[in-house]
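Asks: Listed below, chain by chain, are the residues.
Number of protein chains: 4
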Amino acid sequence: MANNLLAGKRGIIFGALDEQSIAWKVAERCAEEGAKFTLTNAPVAMRFGKIQELAEKVNAEVIPADATSNEDLETLIDKSVEILGGKLDFVLHSIGMSINVRKGRAYTDLKHDWMQKTFDVSAISFHRLMQTLYQKDAMNEWGSILALTYIAAQRTFPDYNEMAESKALLESFARSFGYHYGKHNHVRVNTISQSPTMTTAGSGIKGFQEFFDYADKMSPLGNAPAEDCANYCVVMFSDLTKQVTMQNLYHDGGFSNMGMSPDLLEE
Amino acid sequence: MANNLLAGKRGIIFGALDEQSIAWKVAERCAEEGAKFTLTNAPVAMRFGKIQELAEKVNAEVIPADATSNEDLETLIDKSVEILGGKLDFVLHSIGMSINVRKGRAYTDLKHDWMQKTFDVSAISFHRLMQTLYQKDAMNEWGSILALTYIAAQRTFPDYNEMAESKALLESFARSFGYHYGKHNHVRVNTISQSPTMTTAGSGIKGFQEFFDYADKMSPLGNAPAEDCANYCVVMFSDLTKQVTMQNLYHDGGFSNMGMSPDLLEE
Amino acid sequence: MANNLLAGKRGIIFGALDEQSIAWKVAERCAEEGAKFTLTNAPVAMRFGKIQELAEKVNAEVIPADATSNEDLETLIDKSVEILGGKLDFVLHSIGMSINVRKGRAYTDLKHDWMQKTFDVSAISFHRLMQTLYQKDAMNEWGSILALTYIAAQRTFPDYNEMAESKALLESFARSFGYHYGKHNHVRVNTISQSPTMTTAGSGIKGFQEFFDYADKMSPLGNAPAEDCANYCVVMFSDLTKQVTMQNLYHDGGFSNMGMSPDLLEE
Amino acid sequence: MANNLLAGKRGIIFGALDEQSIAWKVAERCAEEGAKFTLTNAPVAMRFGKIQELAEKVNAEVIPADATSNEDLETLIDKSVEILGGKLDFVLHSIGMSINVRKGRAYTDLKHDWMQKTFDVSAISFHRLMQTLYQKDAMNEWGSILALTYIAAQRTFPDYNEMAESKALLESFARSFGYHYGKHNHVRVNTISQSPTMTTAGSGIKGFQEFFDYADKMSPLGNAPAEDCANYCVVMFSDLTKQVTMQNLYHDGGFSNMGMSPDLLEE
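Protein chains in written order, with this note's numbering: chain A, 2 to 268; chain B, 2 to 268; chain C, 2 to 268; chain D, 2 to 268.
None of these hints come from the bench; they were simulated from the model.
These numbers were taken from a predicted model, which means no experiment stands behind them.
Keep in mind that a hint or two might mislead.
Because identical chains cannot be distinguished in the list, a pair is counted as satisfied if it fits within a single copy or across any two copies.
[As the list claims (entries may be wrong)] In the DSBU-like style, the derived pairs of lysine-lysine whose C-alpha atoms are separated by at most 30 Å in a straight line are:
1) 184 to 137
2) 51 to 80
3) 88 to 184
4) 58 to 218
All chains, please: the whole structure from these sequences, using the hints.
Replies: This is how it looks when you write it as structure tokens:
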């Protein structure tokens, strides 16, 4: 299914680790829809991921960048504009990491320097990225910037731990920068709040399978697959959604507006 | 701009009065994207509108129906399925009317029998429509039902009067029926909350121009034009948004997430 | 526990059916805190309830009123002002009824004339009441009007059926009238969104016990008891919350902001 | 007006700088309502504030503490429990600071190390505080923890700059910790989202007076005064709100649910 929705558009896609990554599928779909883009990831993530395999498949260059480094982001943007032959039309931010989660720390026993690292990598990186794009004037009129988020920003899922705060922060950056970038040259900024997804990152979280099954039962359409999320990203990058900005868009099979599903009780 | 997004899809579009109507533009865009559909409106609205002109342009049949009559809705659906040659993939509900508003009654001096008429025409009609579709099993798997709404459902715009309640009701029907239709055969139900739009209906509301200008200044991208709203409807009818359901989607240039715009003060 | 929070205040309390009713407990607490008030209920509800027992206990007069009748509401307000010796400071609306629910109709098979009756009794009555109070100028400066609601107005609980829409409507009336009454003479209007409660009305809903247990597990503090809800109403009627208006206030032990509780999975 | 609402309760109040501070007024009202508490502030803030004057007035001890230091927080809690003679029943967090705002940096040109300092002081301090209270088991059953916030956490007020993100973070901590503390021993955690207030801190923000006047016109009751906010804090510390947790409570004269006020256009 290809509809030529991104013909002639240029972009940057962060966070494609392996074929389970949402960003991986977004890259595949963007290529199918006619876009040209670069791929990027943190140098450390690239070592154990398969981003080069993806790069060959979608005919894209890989530019490593630490999203907590303004210098790396500057280089990434400069090179992308040069390689792609012009300003950018879309950017996908799909980055998240928490040492406290990895180390299994309880929410009531977090190390605050690790928390700050979590916020820096997972959320402040989004502001850094947009600020660098803005200062370099690297986005075309009506360009589209997206970040992936989770409903833990609004409601408490205890096992999601400090990533809840990280996503709340991320979504706030989207709103605030969406205002400034909209006024500047009509660039829109949104977040997509995706169902729990069986990615390498997601499935590492404690109790993830139960979490996943619970959400699947609660959602009238079931959990949204990564492939559909990639389609939704394509739509948000296209010219068909030009007036949507500063929004957090649930892509979750209906989960977010469910109070209780009878399916949860039928056991 | 056509991307073949609705090739082979069948639908019903309510509420195209004249070329200023959002529904009119949705019809034009759906035709461009390859859909076949019927058009409908209340018999009384058809007398002073131009729906026949649209019908010829997009090669669609017009089936008059009073949306407060279950019988009319049954006939509409039966005929549409017959004419289009199969079950439906999409439906647009774009209906609103308030006698209290027309008569200029203050919110603190409403006639409650008129209020009930407002709710019946503008909101309960949406439940009637979905219930009739559901009982006739007239929607295909993963079909998409949309209604147009306004942010007065969430926040108070005094001149919008009882239409605020009407839209709150409409959005609630979308959530509730979205659950049932999703479980039944994956049909999704959403509302699009559109910027104030210079339609024949909209511009009749008291103080509409001030309202429009205020929203335009408040929104970083300005008020969303009807043409873009039509694009967004196309997207929501397409297979690219299959996992989005029970949502109220703001299509408003960012208005909904603004607290205050400096532009409002610079005078 | 009495803190003299409502000394000298006058009010009307709707909906005390029996000692399980939240309104019953509100009446008891208001009396303890020094308020004077009248009690009211629909004539039909009074026949099988015990409101006279309550009336004696709290030394209040009972004035029957059908909340769908403007005439009855006028009489109720006139008599209350006369009996209590002055304008009113607080009003509690605690009314809800659905024939479709009583008759066990599925949400996809509702009778729309019953639905209209549901909305009239459960929600439009709130607008009628406020409009009558407003037109009679029967509320003192900084008075407080409350209605009881449920989170089904925001999220789907399938068994709650059309009462979801009814509560969405009710909450919208609170916002809209809150604006007008606030501008008029600083009267505030709010809704309290209470946990599922074992009242005679509540427990009649299909699957209520499972519903109740689910919510109890989901809420970190458990379901909020009716007694605490009565305390919250007292607080909202007092002068300590003068600047809170047009709000929907969750009184639910934390339920509304939970995404998933591990307690639900531990079985 | 004193109702003995906090008789026998013990607490800690952060952030009373001078008599314009909301925390100052909260301290005065808590004392009137029978509470005993300690006062605290950052050592640097104490130098130019008047906290000692307040301390004498309300008969409280002052314990300086840097809210970004776990050690200082430990000492503060230990000393407070010792001085007050038992575990705590309430805590008020009223802390905010942004170097980027002070230095007048545009949102599109922020220094990220300053941003991290902002988040550490204004938001992470709230998690540090609750974690320290939790680990020391220093809160009584059904205790109440509050933080002051602003609606910029939900909507964009461009001049509020990165404090928007800071408040989004703060409110997320309230939800997440509210779950854990609720399960642990029924301690509730909430935020109060207050109208713009003419404090020494608030009035330092660029364009504050216009901001203030705009909000005042938009709010049907006008901006909520600090004195009323103090009353609302008392209510939230009292036993009358035991089942309210994980909530963000607007205390804003209705601002948060207004879409447009006609008063804004009448000039």
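Asks: Is the C-alpha distance from residue 51 to residue 80 at most 30 Å within one copy, between copies, in both cases, or in neither?
Replies: within (21 Å within a copy, 54 Å between copies)
Asks: Between copies, within a copy, both or neither: which fits residue 88 and residue 184 at Cα up to 30 Å?
Replies: Only inside one copy: residue 88 and residue 184 sit 18 Å apart there, 44 Å across copies, limit 30 Å.
Asks: Could you figure out if residue 58 and residue 218 sit no more than 30 Å apart (CA to CA) within one copy, between two copies, both or neither?
Replies: neither (35 Å within a copy, 45 Å between copies)
Asks: Could you figure out if residue 184 and residue 137 sit no more than 30 Å apart (CA to CA) within one copy, between two copies, both or neither?
Replies: Answer is within: at 16 Å inside a copy they meet the 30 Å cutoff, but 48 Å across does not.
The structure does not agree with numbered hint 4 stated previously, though it agrees with all others.
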